[in-house]
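*Asks:* Okay, here's what each chain looks like letter by letter:
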Amino acid sequence: MNSVSVRLLLPAVVAAVSLVSGCSTYGVRNPSGSGVKVLQPEEAGTVAGTGIESQDLVAVSDKMARGIVGLDRIKSAGTPPNVVLLPVENETRFAINKDLFNTRIRAQLNQKAAGKVNFLARERLQALQKERELKQQGALTGGTVPGNAGFAGADYMLTGKLSSLTTKSSKGVSDYVLYTFQLIDVQSSSILWEDFAEIKKQGQDDAAYR
Amino acid sequence: MGLALALSMAGCATGSGNAAARDAVLQKYRAAAAAMHSAHFDQAKPLLDDVLMTLDGLTAGDRSARKARGTFHEESSKNFRGEPYERVMAYYYRGILYWLDGQPDNARACFKNAQLQDADAENHQYQSDYVTLDFLEGLAAAKLGGDGQDALKRARTHARMGVPAEIDSQANVLVFFEMGTGPRKYAGGEHGEQLRFSPGASRADRVRLKLGGQSAEVRAWDDLSWQATTRGGRVMDHILKNKAVFKDATDTFGNAALISGGALAIVGSGRHGPADEIGVGLLAAGVLSKLISAAVTPQADTRQWDNLPNLLGFAGLRAAPGQHQLTVEFLDPAGRVTLTRDATFTIVPGGADTVVFFSDHP
Chain A
1 MNSVSVRLLL PAVVAAVSLV SGCSTYGVRN PSGSGVKVLQ PEEAGTVAGT
51 GIESQDLVAV SDKMARGIVG LDRIKSAGTP PNVVLLPVEN ETRFAINKDL
101 FNTRIRAQLN QKAAGKVNFL ARERLQALQK ERELKQQGAL TGGTVPGNAG
151 FAGADYMLTG KLSSLTTKSS KGVSDYVLYT FQLIDVQSSS ILWEDFAEIK
201 KQGQDDAAYR
Chain B
1001 MGLALALSMA GCATGSGNAA ARDAVLQKYR AAAAAMHSAH FDQAKPLLDD
1051 VLMTLDGLTA GDRSARKARG TFHEESSKNF RGEPYERVMA YYYRGILYWL
1101 DGQPDNARAC FKNAQLQDAD AENHQYQSDY VTLDFLEGLA AAKLGGDGQD
1151 ALKRARTHAR MGVPAEIDSQ ANVLVFFEMG TGPRKYAGGE HGEQLRFSPG
1201 ASRADRVRLK LGGQSAEVRA WDDLSWQATT RGGRVMDHIL KNKAVFKDAT
1251 DTFGNAALIS GGALAIVGSG RHGPADEIGV GLLAAGVLSK LISAAVTPQA
1301 DTRQWDNLPN LLGFAGLRAA PGQHQLTVEF LDPAGRVTLT RDATFTIVPG
1351 GADTVVFFSD HP
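Residue numbers (my numbering), protein chains in the order written: chain A, 1 to 210; chain B, 1001 to 1362.
Among the clues, some could well be false.
What the hints assert, rightly or not - Covered stretches of chain A, going by a simulated chain B footprint (3 or more residues, C-beta under 8 angstroms):
(1) 49-56
(2) 59-73
(3) 94-102
(4) 195-209
Honestly, the hints are just simulated from the structure, not real lab data. Fair warning: this is a prediction, and the values are worked out from it, not measured in the lab. Here a beta-carbon is modelled for each residue, glycine too, at the ideal position from N, C-alpha and C.
Put together the whole structure using the sequences plus the hints.
*Replies:* Written as structure tokens, this is what we have:
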């Protein structure tokens, strides 16, 4: 091939390659999508979706545990109050293991305020009842044989609710989740303490999935 | 050099990739539906959980998606997630299973999420318009002590087939039924760049439920074929259209270059002059352009969840404690029985809702 042919061929190749590169996504805004951003609070990290994730669980349960530990009625109680954990209500669009929140709050409180709060294992009531009956019948030996008194009653109930607001369009998805927790006085039904946390996330799928 | 470049591009376009990973979600979709149809709910659960873990994540930065957008790769080179109606069904099935496990709040979360999959339909009129999902969200809310009236209102607004009755929070037998075979995808357009759907079909469009002395006829509420065809255009359709235009342009240029180059080469044949040389150059450019055109892959992704039903419906019944037999007769529009199925269950006082799932899938 002589120099004239090369001069003609090269521009043709360059033109073709230029055309090839990127023309298929012409006119599509942000074809690669945008990564998920945790707008608040400050927890960062690699997140895969806009749903409830481990960093949210940690941030929320930490905040709630701190709030409960700081309560005067907890700090200054002569006898540690008995607390029962009620299941968290999930009103969000995310199917989750709700027990995770209460479990972590309980663990945090036991760690930070050991001896200040007693948690009652109501979720194990059936097994506890059976053990107690077997001991009373003499079928099991060892340990303290329980009397006729029932299990301890609760002074407070801790419960929470997860609510959310979602927006979705071709521009992406945005999820706002509001976490509210309450400590309720069983005697008076008054709400002794309440706190909330809110997290908003947004992101956009790759254009290939839009 | 040009030929090598073009061949290299063509090779990229047809690279095998990791087909198993690309179709992992699709395989789980199919297996989960098969498990639902055969009432192997424990098998369906982990499959759907795996799938929803994928669907819950965003795809920003997904390498397979970036590849699928490329000029020389087919759309089907991306990891399969399905079109909105397919994703809806994954959440819907999981919602049923959560309810079966006595978790109506997580079931409601799934129904909400399912409805959200349909939220970006091009025409606002068809966004999040599944009657069954709205009704179930309302029913779950009512059972959990909330108010399901807003959701019921939405369900009735969207109703095109059967219209939901009032929410009965005391209904303790929840009957989910589905019938027919769902829509089918195919590629339209000159280069197969348009994703199209052929409607599914169903002999039955309603059921007759017989429980003790009760008998009720309930029409299906949702039509997946309708849902598939009212989604409207996708962003990916725009990309595929651009690929098709590029394919045509390079082909046309190749033709023009070959013809012109051939003509010049003939005219200047044997003279070794400029016309001869330009002719050869144009011929080479034409061949290159044709090769590039051949390597462009604008075909739409027609992989599909192919064991979905066409129609969905729901009914809530009340049953006293004790053992019961529920008979479901699938009826065609003329009222003829097309299939009969039975389920036996025991209602425990104060127990969780009894969830039964019926399909006329063979």
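*Asks:* Test coverage of the stretch 195-209 of chain A by chain B using CB-CB distances below 8 angstroms; three residues minimum.
*Replies:* holds (count 7)
*Asks:* Quick check: the stretch 94-102 of chain A, covered by chain B? Criterion 3+ residues, Cβ under 8 angstroms.
*Replies:* Holds, because 4 residues of the stretch 94-102 of chain A bring their Cβ atoms closer than 8 angstroms to Cβ atoms of chain B.
*Asks:* Count residues of the stretch 59-73 of chain A with a Cβ under 8 angstroms from any Cβ of chain B, then say if the count reaches three.
*Replies:* With 0 residues in contact (Cβ-Cβ under 8 angstroms with chain B), the coverage given for the stretch 59-73 of chain A is violated.
*Asks:* Can you confirm whether chain B covers the stretch 49-56 of chain A, using C-beta to C-beta distances below 8 angstroms and requiring at least three such residues?
*Replies:* Check passed, 3 qualifying residues.
Consistency note: the structure conflicts with earlier hint 2 alone.
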